[in-house]
Structure formats: structure tokens, C-alpha cells
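Chains as they are written, first to last, in the working numbering: chain A, 134 to 580; chain B, -9 to 315.
Hints in this document: simulated from the structure, not taken from any laboratory.
Treat the hints with caution; some may be incorrect.
With a straight-line cut-off of 20 Å between C-alpha atoms, the simulated EDC-like cross-links for lysine to aspartate or glutamate are [stated by the list, open to error]:
#1 A/K575 <-> B/E99
#2 A/K170 <-> A/D154
#3 B/K252 <-> A/E334
#4 B/K252 <-> A/E428
#5 B/K296 <-> B/E60
#6 B/K252 <-> A/E258
#7 B/K100 <-> A/E369
#8 B/K296 <-> A/E345
#9 A/K200 <-> A/E334
#10 A/K402 <-> B/E299
#11 B/K303 <-> B/D82
#12 B/K252 <-> A/E254
#13 B/K100 <-> A/D550
#14 A/K355 <-> A/E369
#15 B/K57 <-> A/D569
#16 A/K355 <-> A/E334
#17 B/K303 <-> A/E369
#18 A/K431 <-> B/D260
#19 A/K402 <-> B/E310
#20 B/K303 <-> A/D569
#21 A/K387 <-> B/E37
#22 A/K200 <-> A/E328
#23 B/K252 <-> A/D569
#24 B/K53 <-> A/D569
#25 A/K431 <-> B/E269
#26 A/K537 <-> A/E502
#27 B/K313 <-> A/E369
#28 A/K391 <-> B/E269
#29 A/K519 <-> A/D550
#30 B/K113 <-> B/E143
#31 A/K220 <-> B/D228
#32 A/K220 <-> B/D181
#33 B/K53 <-> B/E107
#34 B/K296 <-> A/D550
Computed from a predicted structure; not experimentally measured.
Chain by chain, the residues run as shown.
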Amino acid sequence: MSMALSGLDIFKLLPKTNCGDCGVPTCMAFAMKLAQKKAELSACPHASEEAKATLGAASEPPIRLVKIGGANALEVGNETVMFRHEKTFVHPTGIAIELRTSDGQAKNLEKIRDVENLTVERVGEILHSDLFFITQDSDNPEDFVHTVEATKQNSRKGIILNSGDNKALEKGLELLKDDRPAIFLKSRLSEEVIEFAKAYEASLILTAESFEDLGAQSDAAKEAGINNLILNLNSENLGHQMQNNAILRRSALKQSFKSFGHPLFSYIKGENSHVILARASMQICKYGSIIALSEYDKAMLYTLFTLRQNIYTDPQRPIQVEPKVYPIGEPTPESPVFVTTNFSLTYFMVSGEIENSGISAHLVITDCEGQSVLTAWAAGKFVGEKIAKFIKDIKLEEQVKTRKIVIPGLVSQISGDLEENLPGWEVIVGCQEASDIPSFVKNVQLT
Amino acid sequence: MTFEIPKETNAGRVVEVTLGATSEQGGTRSHTITIGGSNALPFHFFEGRHSNRPIVAMEVFDKVPAKYPEPLLEYYRDVINSPADMAKMCVDEYGAEMISVRLEGTHPEKGNKSAEEAADVVKHVLESVRVPLIITGHSHFEKTNEVMKKVCEVTAGENCLINYVETDNYKTITAACIAYNHTVVAQSPIDVNLAKQLNILLTDMNFPREKIVMDPLTGTLGYGLEYTYSIMERIRIDGLAGDQMLAFPMLVNPGYETFRVKEARALDQDYPSWGNLGERGIYWETATAMSLLAAGAELLIMYHPKAVETAKKKIAEIYESGKGE
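Modelling step: build the complete structure from the supplied sequences, incorporating the hints.
Here's what the structure looks like:
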């Protein structure tokens, strides 16, 4: 266990010669910079081994970054906050799909191909699952090896190996030599598995029934030189799972409790797909780094992808949609034109409510760097001149015959400015709230 | 290795709010329901108390919402035009713990039904079910005030949850709640400070704290969920830290908000990568409900029977883990 070191703590470990070779005039000043993470110890050519070891440990992230997979590996961990509003969550929950050897090769191959094709675009991001979780639940170890082989041949996603049979496990690892696999341990950590992890550079998913045992296994693995660890504190009960996750995360972040400074894993099963979805949702919200789904379907994955995207969005950097003209319904050249900003939420609300109103329209989304209407207006990004320029740039006048454009009611003040910059157009001030669009279009002549 | 669970205790506690009234209390409900009372973050039984489980309510309508989706109609087709029958079905068959009567049909542009008609609907629902009621209005100030005043009057003593007041329109409805002994929902647009300000306005009218439920405004999954989620977490953290004007139970609307969006309505053939429509709506509403529970929701108004079933089961399971703590 170690806490962040203060400038004074660090100073004590430095040569105290004030030689300036690090580029900072005094050792004390250098120590202060190190404490603020504005300098690296490697800048000091005279640092002792003790200083390197101590500072190295202190500068490790509180939750270790672990990678699974080859070229496009999944990265999990490195989180620094308990709540997304404090800063942001950084590495979205990895979603793994389980392949069971008992399902037979044909079915698994079909599943692999299905999962590979399952991608969805949402606000400019391609959403997909990340890993396969291969479980040996049939007697023949060859089944396991074949499934690993088929997965490697048909997918570039990372692989988690789950077999209690060490011979089968080793054969699987052999196939995944350069693919940085993970080994899921159903039972306690053994010497043999430690050797596998070393030989094949695999990360380990440790399973325990208690905090104490989980910590002990984590310490033992690290003692043996394995640092790429993922933690699975087993519990059937969702309430315990959520509390365990909160306790592990808090221990790592607030107490710098190194034994628990690792990503968290959960295997998700349930009596039906709705329960699986509910459990998976909780894990995505509250600290699950990798979830392995025992069952899946398209709609379930789309839901989970969207939740993951929502929760892992940086609160300081709103999601933007591409600035362009969006057809709502089946617009003709005569259909009305609406304009708003490219803040994703604004786009979703406005497009959804135009749809709800039952009319077809052209929705012009201008580039406001993802800001909402009032913020963008205040920043001078959603003003007459800029909107007019955008409309000319995209040659809207060639696409539509109408010459009426509806602006958000919140920025009625720009209407004169916009009309001036957009000769031939009539600017109509719309409603203030998107939810009032259906009644607005009923009461106002737009064409 | 020695490990001690890091516990954090809080100075504040979410106020307990009781909904409904039995005959001894001047109402006609078979029982009351209490929400709130937590002194720790959601589900943190290891470091605090959660005296009351979150409650799942279902909603009936004085007028069938435009574009009410097929996956819901499958369940409600025979009763959708009869709020009293639909309420009974929700309680008896789908396990609704409360019923929200949404009076959108009184909106001048959505039917313009009279306050008297609305009051009749509410009276019929009161007769058909014995659970406490939520009365849900709309954003047309003048009309919703008129309707709520009437409804508060005819349900005097029932301690309904009057849903909702907002900063620009709270006086009339709050006064009616005081006069006829109801509880109120204070709705604010996804903003901690505005939420707090409204609660201060209500308490300045001498409205009792234990009769306020907050609605932080629900953005459903994919449509601003992350904003609602984080605002709720911030409200709860501040409330637990001792800010009395934020320490109220929170109401959310996964049902209404989910079944308005494309994902819960679009046909399979239009969006092949989105999967089966019937399941999609259930998943969408369930994921919204679960994440808002994680953020601190105490009262959820939900629509799909399968989503209701799952949410209730998971709430019960989570609270199972708190036994003996």
C-alpha cells in the first residue's frame, strides 16, 4: 500500500546537491515539480535506485491499465474518479460474448460471425463488442482448442480463455501467442497458471469469494511478477456485486490499496435476457471494466452499447453530430427547414420532436463545436452570419424550394441578422422547448 | 494482507416522504407508501441505511398518447381507453405499486378536456385501485393549474403525489396541495442549482419538506441519460453531505421518455442493426431504469410490463443484500 508522495517526501529521496542537471535549479524545486507530476524522475541523472523504486510505485496509476487482444487491443482500467461528473470515466466497459464448447463448433462459428457483424453507428461512433469469452463446458479438451482456433480465424477481437483443464488452456494459449489473451480463473491461482501467464504474456482474471482472498491472490500474482490482473469478486446477488465494485474502486482510488488497483470483471447470467440486460447495465454504470455476457441478442447489445457510450462520454466534451442537412421523415423540396446546433442532445431532441409532430422536414445542423443553442449563441457560433454562411456552403438553396427557415425560440434575437445575411428567406422564430415542436408546427404556417 | 472496508458516513439523510392515505388518515387507500430515508449512496448498505425500497409505478392516460407504440398496445389494447380498467390491470396483473394518471388530454392542443373531466377520470381510478396515486399534468401553465386545483379538491385527503410544479409555475398548485393535503413533485431542468432554488421557493411557502419529491427531469437512454444520471448523483451527494434543500427523494420517468424515442418504436426492417422492436423497448426502458436507480432514483414511473417486472425483481434482489446490515 502506498499513498501519493508529497514534495517533501520526494525531496528526501533526491541527491540534494542542487546540481541543476535536471533543468531545475534546486532539488527542492524539482521535488515539487515531481509531486505535481510536472516532471519525470528520469530527468535526474543522479537518482538512486531507492528513489526510482519508491517514486516509480507512487507514480503508478491507482487502477492499472490492462490490455487484452492483439493489434486493436481492448484497454481497461486507469480510472481516476468515483463519479463521472468529477472528471470522466476513461476506458469504456469491455463487452465480451461467451462461446461455450458444449454448443458445438457449427453454432459457435455462426455466433462468432454474427457478433463480428454486429456493429451500430451512433452519433458518429461505431459501436461494437470487444472480446470473446471462451468457456470449456464439454469433456473433450479438443473442443476448446477448436473454438479458440475458429475465433482467431474469424475475428480480431481479444480472447479470454476459461478452461479448468490446464492442457487445453496451454494449447489455447499456444494459438494466441501474439494476441495478448486473458486467462479466467474459476478457482484459486495456481503455480501452473502463473507460469502460463508469464510464458504467454497473458493477463489473469482472479476469482475469489472474499475481499481477503482476492487481495491475497492479487498480492501473490504480483509477487510472482504478474501485474496484468483483473479482479472478479464472485457474488450471485446484484446488490452485493454493486457494493463490492464500489468498495474495490474506492479502496484503489481513495486508499491507494494496491492489491485492488485493477480493473473489475463480471460474468453476467440470468433467468432471461431482460435480467441479463439489467445486471449488465448496473455493471456499466458502476465500475465494471469487463462484462462477459452468457447470452446476447442484437437489441440487447445495441442498448448496452448506447448506455456505455452515455456513461463514458466526457462530461466536459459533449458528443457532436456531423454538421449537415438531415432529412426527417421523407422531405420533399417543399418541406419546411429547421436549423439548430450540432450538440448531440439538441439534435436528438429536435429531430425526435419533428418526427413526433408527424411532418417531414429538412433539419440543418450547423457546426457549433457541440454546444447547445444558448451557449453557442453566447459564444458567437450560432448567429445570423455563421448560419447563413453554412447554408450557402452546403448549397441548401439548390436542394429545397422553400424559403422559410425556423430558428430555435431561445435565439429569437438573431432573426433580423439572419434575414439580412440570407436574402430571399423568411426567418420564423420557433418554440423555446423542443417538446413544443408538435404543437408549434400545428399552429404556424411553415410552407 | 489486511483489508478494512473503507466506509464513509454522511451528515445528511434523504427526507422520508409518505404517499397516499388510508381511511384512518382521511383517504381511501389500502396502505401508504414511504420513499426516501437513505443516509448513504444508492445500495451502499455496507456504510449506511436505506429504510425504504425504490417504488415502481405505472401510468394510465385520460387520452391515448399520439403514436402509442405497438409493443405496449399488445398488452393494453383492451383497456387503453379506460384509465380505471388499465390501472386495475397494471396493479393486479403487472404489479404496479402506484398508479400515475397522466392528464395530457387536458392540454389545450391535445384534446383540451375540462378540469371536471379530468377529475372524473381520477375519481374512477381511485375507485378501481387501492394503491396511492400520482397525478401527472403538463407544461401549459394556465390549464394545468386549473386542472390540478380541481383534482386536488376532489381527491382531498388522499395525499396524492401531484406531478408537477416548476420554478415558473408553482404557486397555485402548491397552494392547492397545502389546502387539500397532497404531496408535490418539484421538477427542474437537469440542473442542481435550479432544483435547489425551487425547493427553497416551496419551503418558503411553508410547504413541508416531508411532502416534496424532486424530479430532475429524465433523459432516456441515448437522449441525455448521462446528464440526468450525473445531476442525480450530484444532487444525492450534496443532499447526503447535509444540504437540506437537496435531500429529497427523486422521481424519474423511464416509461414516458423511452416510448417517445425512435429506438422504442422503429420497425425492425427500418433499422436492421437495432434488433427486434418488441425486445428493444423493454431493454431500453430497463437500462434507463437501472442506471437511474444506480444514480439514486426512489420512484420510477414505468410502462412496459416486462421492464416493470425486471426492475422490481432487481430492486428486491439488491435490497436482499442489505438485510442484516
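Hint-by-hint comparison with the structure:
no., hint, verdict
1, A/K575 <-> B/E99, "9 Å, holds"
2, A/K170 <-> A/D154, "18 Å, holds"
3, B/K252 <-> A/E334, "45 Å, violated"
4, B/K252 <-> A/E428, "25 Å, violated"
5, B/K296 <-> B/E60, "15 Å, holds"
6, B/K252 <-> A/E258, "18 Å, holds"
7, B/K100 <-> A/E369, "48 Å, violated"
8, B/K296 <-> A/E345, "39 Å, violated"
9, A/K200 <-> A/E334, "11 Å, holds"
10, A/K402 <-> B/E299, "17 Å, holds"
11, B/K303 <-> B/D82, "16 Å, holds"
12, B/K252 <-> A/E254, "15 Å, holds"
13, B/K100 <-> A/D550, "35 Å, violated"
14, A/K355 <-> A/E369, "27 Å, violated"
15, B/K57 <-> A/D569, "16 Å, holds"
16, A/K355 <-> A/E334, "14 Å, holds"
17, B/K303 <-> A/E369, "14 Å, holds"
18, A/K431 <-> B/D260, "14 Å, holds"
19, A/K402 <-> B/E310, "18 Å, holds"
20, B/K303 <-> A/D569, "36 Å, violated"
21, A/K387 <-> B/E37, "16 Å, holds"
22, A/K200 <-> A/E328, "19 Å, holds"
23, B/K252 <-> A/D569, "18 Å, holds"
24, B/K53 <-> A/D569, "18 Å, holds"
25, A/K431 <-> B/E269, "10 Å, holds"
26, A/K537 <-> A/E502, "25 Å, violated"
27, B/K313 <-> A/E369, "15 Å, holds"
28, A/K391 <-> B/E269, "42 Å, violated"
29, A/K519 <-> A/D550, "10 Å, holds"
30, B/K113 <-> B/E143, "11 Å, holds"
31, A/K220 <-> B/D228, "17 Å, holds"
32, A/K220 <-> B/D181, "17 Å, holds"
33, B/K53 <-> B/E107, "11 Å, holds"
34, B/K296 <-> A/D550, "52 Å, violated"
Violation of the numbered hints given earlier is confined to hints 3, 4, 7, 8, 13, 14, 20, 26, 28, 34; the remaining hints are satisfied by the structure.
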